[in-house]
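Residue numbers (my numbering), protein chains in the order written: chain L, 1 to 154; chain C, 1 to 729; chain S, 1 to 207.
If you are wondering where the hints come from, they were derived from the structure by calculation, not from laboratory data. A hint or two may mislead.
As the list claims (entries may be wrong) - Think about it this way: if two alpha-carbon atoms lie no more than 20 Å apart in a straight line, the pair counts; the simulated PhoX-like pairs of lysine-lysine are:
| no. | chain 1 | residue 1 | chain 2 | residue 2 |
| --- | --- | --- | --- | --- |
| 1 | C | Lys423 | C | Lys389 |
| 2 | C | Lys171 | C | Lys197 |
| 3 | L | Lys5 | L | Lys32 |
| 4 | C | Lys197 | C | Lys62 |
| 5 | C | Lys277 | C | Lys217 |
| 6 | L | Lys13 | C | Lys277 |
| 7 | C | Lys201 | C | Lys191 |
| 8 | C | Lys616 | L | Lys144 |
| 9 | S | Lys87 | S | Lys122 |
| 10 | C | Lys217 | L | Lys32 |
| 11 | C | Lys277 | L | Lys32 |
| 12 | C | Lys197 | C | Lys693 |
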Amino acid sequence: MQTYKLTVNGQPKEVTVDPSTPLLWVLREDLKMTGTKYGCGISACGACTVHVAGVATRSCVVPVSLIGDRPIVTIEGIGQDRVGRAVQDAWVAEDVVQCGYCQSGQIMSAVALLERQRTPTDADIEESMGGNICRCGTYVRIRKAIKAAAEQLA
Amino acid sequence: MSATARLSSESGLSRRSFLRVSATAAGGLIVSLYLDFRLLAQAPPAKTYPPDAFVHIQPDGKIVIQVNRLEFGQGVQTSLPMLLADEMDADWDHVAAELAPAADVYKDPIFGIQMVGGSGSVAHSFQQYRELGARVRAMLIAAAAQQWNVPVAQCRTEASVVYGPGGRSAKYADLADSAAHLPVPENVPLKNRSDFKLIGKDTRRLDSRPKCDGSLKFGLDLDLPGMKVALLAHPPIFGASPKSVDDKAARSLPGVMDVFEIPTISRGTAVVVVADKFWTAKQARERLGIDWDFSRIEPADTEQLRAKYKDLAGTPGNVAASRGDLSLLDGITQANRIEAEYEFPYLAHTPMEPLNTTVRFDGARAEVWAGSQFQTVDQMAIAETLGLKPEQVTFHTEMAGGGFGRRATPDSHVQREAAAIAKHCQGVPVKLIWTREDDVQGGYYRPMHAHRIEIGIGADGTPVAWRHVIVGQSILAGTPFAAFAIKNGVDETAVEGVADTPYEIPNFSVSVHHPTVNVPVLWWRSVGHTHTAFVMETLVDELAMRAQTDPFAYRRKLLKPDAKKLRGVIDLVDEKSVTWRNHLAAGHAIGVACHESFGTSVGCAVDVSIEDKRPKIHRVTLAVDCGTAVNPLTIESQFQAGVSFGVSQLMAKGAITFKNGRAQQNNFDGYTPPYIVDAPVAVDVHIVPSTEKPSGCGEPPVPVISPAVANALFRLTSKRYRTLPLLSV
Amino acid sequence: MEYASTIRGSSAVLILIAWSGTLSLAQNTPQKAALPTREAGLAAWQQVYSVLTYPRCINCHTATNHPEQGDDRHPHLFNVVRGPGGKGVPGLNCATCHQSANADSPGVPGGYNWHLAPLSMKWQDTNDNILSSPEVCRSLTDRSKNGGLDGPGILRHHEQEPLVLWAFQPGQRRDGTERSLPPLTHEQFVAATRIWVAAGTPCPQNY
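Just chain L, same shape as in the assembly (with noise of 0.2 Å):
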């Protein structure tokens, strides 16, 4: 077991945990912050996803021991940002959503990918979004909210 200090949504937490566990289950168990998501284990589908420094970051594949003392962002705090904002409010506009289970995991890559390039195309989202599932499917309509947030932002 071992203690650290890491910065979530600017907030500082402490934990104690295995060094081996995943920040996933860090932030799910021991933050009870369980809007990011479970969904293999493997880094194969992105419903993981946070900001660690501002880059996309697989969180099941990655042990709390590895963070250091870079801050971290999760969906419950993506909102305090302009592109974050604009992305959840494009999600809810364009009705992308069915069960939501990947969406966070969505929303992470998608704010990611509008933070550095603020006019995507199809083939940038398709490479951006390229690792995340959805498995009701609801692709299309990701497509055209990340399109419409850009709009937003533009």
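Start from chain L and add chains C and S according to the hints.
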């Protein structure tokens, strides 16, 4: 009490009349669980639903509506409240929905169990929820009229307010208490369609925002004081049990509470690890040393099954449909015959939220939290496991991250596991989680199938004779549903879409073999139509090409004259796709398919090219006849996303295969659902305007996409793809 | 002169020539009397080549729009792409999963600044065929392709670059087994590079 008896007594229909109704359905067979929508024309059993179990008007004006089915993406937590709110004239901006717990009043009015499946939610509760809304409105008006001492006829309602003569008004919130004391009126007229404010209009989902900001809790997110997490080491081959378990290393991890065994319904015995957290439980499970006893356990093997199924398909099975004279086939020359063999693999559902159930048992009562498609069935199973009566089990319906049929299990196996664990850990709430590996390897797949078809083509290019043999495990055998869905050795869910084909085929025979295999199977979104539509629509495409007729024209020729909904969607999809079809880019091809399932007809046209040896679906145009469209925005969503889901069957890694009794895939790396690159880029959906009763939209999108794409691929490669998944194009 | 044999169970016994203590490339100019022959340099190059084209290295030296994974060098799963800088794309970076150290429990390898080698440093063709020894040697020694490295620079890269070091401590796979190692140890790889560089980085002729 068996499910069958429950069904007939709850629904009010006598068992005999239910069966009589079944027998009169055109085509001779009814898939009882998958409603024949022609039955809905007959009056559903009268049952009064107490409005106060469905609607709660809060003092602050918020109106909370209970949804009698699981929401797992399909949108019922918006569509059903829309029905009620419209009739009630509620202010939609203040309507909230809750998923109702397991209870008698929430049972499906037709099937008599609380359930979601068969794409029947809106169809079965359309009348029910409207009546509830109308009754509540009537009670509110009565309360206001009483208060003002005016005739009811002089009152009207709008947006949660009752207006009376002389400028009087009263908010629903202020009338709720007195309204609750009034008798519930029996027969209240429903609105005319022209008065609908919500029904038929694009309405955004009520649960979007909390699903976008991380605040909505799914079953897996549940947290209770003192809660533990349980993981199971399931037998690697279904039905096995441990000879010995070395749990020393597992128990030595700090946070591990206990290690013990429980029986599992179809899978032998599992070893349970209970720990304070998921990660602890997972590491402890990895440290278990289990010596499994595989003797006397049949190990499934895909290659062996393929050979066996191919052989069986060459022999006649139990008759599902038969008309005319099949010996005509023998007289038709090779040049005018098609002989085709199709193969379909096991499919896993892999809903994004892994299976989970939380149970707390204190010895006298139990409390359960689960995203279940079969709440009352599961409640009974849990009660049975714990030695309780169902009413001693409080069953909360949690929002579920997808289901596609996986969360509707006649044997309630996951809930039974969770109950057994809670029993062992009496007093401690335990959340049972199936990891993704448990899920992919855990069985309850869409069965593997083989088809063998011989078609004799007549002079006019239409099939004169058609012999069809299907091989595949029965989904319903051994379940309470078997009694009314398996007739003469035919599980109707294996032949739906073929046996009842709307195509005019004078000499026609469909038979089926149901082998027994040591792999548990289950319905997968659109069930039998997943494979039957692929077979029918690719064969019809082949027939059309041979007859040198375009795919729309051929279907118009071949469909029975009274297949009105299908004819309608063929016309509409033709109309809506003709422009892009006439401007196809080089290297692209068109594919067409149409299919009716769960009462809904769908026409489909796709624009496909080949990129990196895979089909790239640029565009899909869909035409849908689902009767009354309650929420067109949801319907569009279901169809756009449903075809993306349907592409699962084409994915190169879209198969569960068995070797030596074990599934060879264990996560998304080996069993891969469609990512955004695999899904259609653009999908436009066109709904046939209709005032008929609503039929389902959950499953109907799925059957059409794979055959449409396969038909397009033929035009690009001249190859007919008869084995799924598509390994390489 | 001392001879040492390679280890690692390789059936081919290769000869390494080492000068104990006299050759130090930190000095930049090898002592003339101790320079290895061209033959010795070419033999050393073959050893270097055997490591470069081993999956642990070649999986990131691809000619395509994606990395590779595994001993069977299959395309990286989950639709991971190269991206403009070889670091992936904004929603799916290398760093999205790969951290600065191996994560053995989920079986995700890691090293400082995980990224793809540039396309100029591709050691296979677009059909995943490994390029020949002369081709790879020519690429590696082409300063317009290799990031401006001279011989000593290449040696430094082999000695110190974290992702090169990673190849020799690649961590566990998801199933708990250790990832397979290149045919030489890191020390042997560096020693062979040193000889090759001292010989003037000779490249074999085309066959």
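A quick look at each hint next to the structure:
1. The straight-line distance between the Cα atoms of Lys423(C) and Lys389(C) is roughly 15 Å, inside the 20 Å bound, and the hint therefore holds.
2. About 19 Å separates the Cα atoms of Lys171(C) and Lys197(C), which keeps this hinted pair within 20 Å; it holds.
3. Between Lys5(L) and Lys32(L), the direct Cα distance comes to roughly 16 Å. Compliance with the 20 Å bound is thereby established for this hinted pair.
4. Our distance criterion of 20 Å between C-alpha atoms is met by Lys197(C) and Lys62(C), whose separation comes to about 19 Å.
5. At most 20 Å may separate the alpha-carbon atoms for a hinted pair to count; Lys277(C) and Lys217(C) meet this at roughly 18 Å.
6. Restraint check: the Cα-Cα separation between Lys13(L) and Lys277(C) comes to about 19 Å, which is no more than 20 Å; the hinted pair holds.
7. Between Lys201(C) and Lys191(C), the direct Cα distance comes to roughly 15 Å. Compliance with the 20 Å bound is thereby established for this hinted pair.
8. Under the criterion of a C-alpha separation no larger than 20 Å, the hint pairing Lys616(C) with Lys144(L) is consistent with the structure, at around 19 Å.
9. Using a Cα cut-off of 20 Å, the hinted pair Lys87(S) and Lys122(S) holds, with the two alpha carbons roughly 15 Å apart.
10. With a CA separation close to 11 Å, the supplied pair Lys217(C) and Lys32(L) stays within the 20 Å bound.
11. Our distance criterion of 20 Å between C-alpha atoms is met by Lys277(C) and Lys32(L), whose separation comes to about 12 Å.
12. In summary, the hint linking Lys197(C) to Lys693(C) is supported, as the alpha carbons are separated by about 18 Å, within the 20 Å threshold.
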